Amino acid sequence: MPWMPRAPRPPLARMQSRRARPRALLVAGAGAAAVLLAGGCGGQSTLDTHSRQSQEIASLFWWMLVAAGIVLVGALGLLAVGYRRRGRPGLPVIEQTKQINMWLVVTFGILLPLVALVAVFVVANFTVASITDAPAQGSTAMTIEVVGHQWFWEIRYPGTPAVTANELHIPARTRINVVLRSSDVIHSFWVPELNRKVDMIPGYPNRTLLYADQPGVYRGQCAELCGVQHANMAMRVVAQKPARFRRWLAGEAHPQAPPATATQRAGAQAFAANGCSSCHTIRGTPAHGTVGPDLTHLESRQTLAALTIPNTPAELRRWIQSPQQVKPGNKMPSVALSDAALTALVAYLDAGR
Amino acid sequence: MATATTPAAQARVARLERIWKEPPGLVGWLTTTDHKRIGILYLFASLALFGAGGVEALLVRTQLAAPDQHVLGPEAYNQVFTMHGVTMIFLFVIPISTGAFGNYLLPLMIGARDMAFPRMNALSFWIFASSGVFMYAGLALGHGPDAGWFDYVPLASKQYSPDSGIDFYALGLIFNGIATTATAINFIVTIFKMRAPGMSLNRMPLFCYAFLAVSFALVFALPVLTLALVFLELDRRLGFHFYDAAQGGDPLLWQHLFWIFGHPEVYIIILPAFGIATSIIPTFVRRRMVAFPLVALAEILVAFIGFGVWVHHMFAVGLPTVTTIYFAAASLIIVIPSAIQLFAWITTIITGQPSFQTPLLWIIGFIIYFIIGGLTGIMFAAIPFDQQVTDTYFVVAHFHFVIFGAAVFPILGGLYYWFPKVTGRMYHERWGKASFWITFVGTFVTFFPMHILGLLGMPRRIYTYHRGLGWGTLNLMETIGSYFLALGLLIVAVNLGVSAFRGRRVGGDPWGGDTLEWATTSPPPAYNYAVIPTVSSAYAMWDTDDRATDAANLDRGERVLEQGHRTPASTALDADWDEVLDMPSGSWAPLLLALALAGVFVMLLLGHWVIACGFGALVGLVLLAWHSAEPQAG
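Chains E and V supply the protein sequences, listed in that same order. All residue numbers for the first sequence refer to our numbering, where the first residue is 1 and numbers rise by one. All residue numbers for the second sequence refer to our numbering, where the first residue is 1001 and numbers rise by one.
Here chain E stands alone, though its shape is the one from the complex (with noise of 0.2 angstroms):
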């Protein structure tokens, strides 16, 4: 089951004997629906865990839900000796005392929680929050920069010349600090399967830590409201075999190859005409517009509009021709095209395809 946690390192380690217990009951309390419900490949379940990082907190949470589920449990099992014993008073020995009914209070409401909370605080705010704060300058085999914008991700790799957006590309079991910012509201960087989410505050650079176990795809997606299409903000974050990830990044580190048939060229007019170049960039040509995402490279990504739609020669037709429908109040303005210069805007931004 893809949702239950795997098995955990250190320092979460040594409790792992007694794993096993809780997990089958907590698997069995979550019942069928949770089973249906697991996050498939690409999805961002918190507790389909691909990295010690999100690992540590999913081990955290079923190690808080156990000790919950006894306090739950035993509350309701007092509630029910309440009702057994309705219409009687008091209880067998305890009864009505005023002493003993007062340390039962202390016991259950002061003693047995400090010793709970302590427990909490400290695994979790020292042991697991070690290992899933920004990592230490140093630490980190490369730093990917993150842009937040009203509604799409700009991603940049310092030291090349490769920007792309909704798509975050890293080497995967490789230490990446990711730096975090933010060009116009609040928004919040969250890839549950990889780690917690850090918000992309204006004027406060955040960092955070990116580590993937295996290749594959993970789901991210904005957790601070950021406007009307916050629904709409989501990205892929695709962990490469690390040699692949470099002949990714030469790839996208090139710029847009010129345009080859007659097609594309007057795409290439299409896309200078129609003031498309005030808002995109792409790279290799005069269009430097920093609005919407760097559009070089496009064919390369999977969907359009940060997972709005699937990145399709139609589904991209769309797009240009009605933004406002397939994502509404996004900043892209309706253009009238005509259809021909459609077909050609689309054969050029699709160009390497």
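It is possible that some hints are incorrect.
Unchecked claim - Distance ranges between label pairs, derived from CB positions: (1) V:Ala1434 / E:Gly90: 29 to 37 angstroms; (2) E:Gly284 / V:Val1055: 50 to 58 angstroms; (3) E:Gln96 / V:Gly1028: 45 to 53 angstroms; (4) V:Trp1626 / E:Gln96: 50 to 58 angstroms; (5) E:Ile100 / V:Leu1234: 57 to 65 angstroms.
Bear in mind the hints are in silico, worked out from the structure with no lab data behind them. Quantities reported herein were computed from a predicted structural model and do not represent experimental measurements. Where a beta carbon is used, it is the ideal one built from N, C-alpha and C, also for glycine.
With chain E's structure known, arrange chain V on it following the hints.
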């Protein structure tokens, strides 16, 4: 009730009736200063707004019932969920708990004839009602606020929200805050000064401790919100840069200010519910609360520590570790006073003789949901876990268990419990139980799956989601649950509505209640008590000797004060007899002042600064008329 048996006593009661009589009909309601009538006005106004907030909730649930739906567009969705939050917190829970329950019951429980400042009390209501109309005018005009109830900047700044929705929010909440502050001050003075002589602080019911704690929390928390909102309006309307990072301002300043208010607010929402629970439990389990002093202390402590935990709403912001660790520790410490109360209730129930009638059922439901909401709350003090699931449906689940399960359940239980006191009639028990069970199940089905959805990665405040994410089934379940829940609430409304006219007539004390409000008739007379009650414990109604003393006092004319529109004031701690207060009578001033103030806020919204000043002058004029001479009854 100290019934008047002798002719002398009957004459005294008749005299009180005459002195405390308010004008009949609509004029009476518009000019009333009677805390009970103001409480009823608050009740109906806040229930109407509860209905509006509930419809908004159902709209949200309908939109999310399945993936890729189009019931609401994204803009409408953002307005609707924002107004849902604002309504439930500022226009329903706080006004119903403080305005309706507090107003109606506090003076009765402490044996007073009214609040300390009856006209200010009326003013609170009229301001609250105007602020509700003000904020809903925005939504009705299509300019509802849309940045969520905590309204983060820069999203709420002029640049990203040029529409007037945020101005409706900011000015509406400043306006609303005036009413709440006035109520809180009124409660504090009433609790300290108006207790029946003899009701020293340690003889005061726990309900009153809860309201005392809430009132202090409000007085200290609201100015911070008002300040934050004034900064916001200055930024939006006059080009200031408090929150503008590009100009040296700080978007995090809003978050700090908002949550310095916002977390105490959570306890402000929940403490009255604790007070209601500590009123209902002793009556239905036939024993005094276990650990009374610990519970009283815990109620105060919760309100106090609640001011030191606000950063746990900001763990994902990227603040320094030393900051977050401190606030995580404080957030764990606040669990202790809550746990004390929780186990005090449970121990009281299991060592008493519980009779599971409708009001107690709501309290049992409250205890269960408060435990669930509290336990997930503790999880949020585990910083990495908080950072993983904050702003997901997990947190939505958590605070709905706390706010709906733990704050609204006791309010509903309280409606049933005090219904016979307010109407003189009994509700329908079987339908009462049915309404509880339907609401209880509906609540669980609506909110519990949200935990799982949050863990599966569903962020809050999204108007739609893709089919492939696998969130559809649970969302559909929640939507079905929400309609079931609405049905339960509808049954509550119908049961109480019908019973108000057709219910069995009851006397002053149908439950064998523990606190003073049961000592008077149902409904209570305008002057509450013919005799200011004698009190020797926090369970005054169970001290039968004292109630006999009241009857004797009425015969002798002691503690009756039938010489005027009067009530006694006592010393703050020991409640020794201090002085006799001449209470103000009904007046148009509160209503007029609230309307003038509404004019100020409407003009501020429209940007007509000069006219706003004109209305401000009108406010001043009404204040002058406020202290017009009192007709003294002889």
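Item checked: Ascending list of hint numbers which this structure does not respect -> No numbers; nothing is violated.
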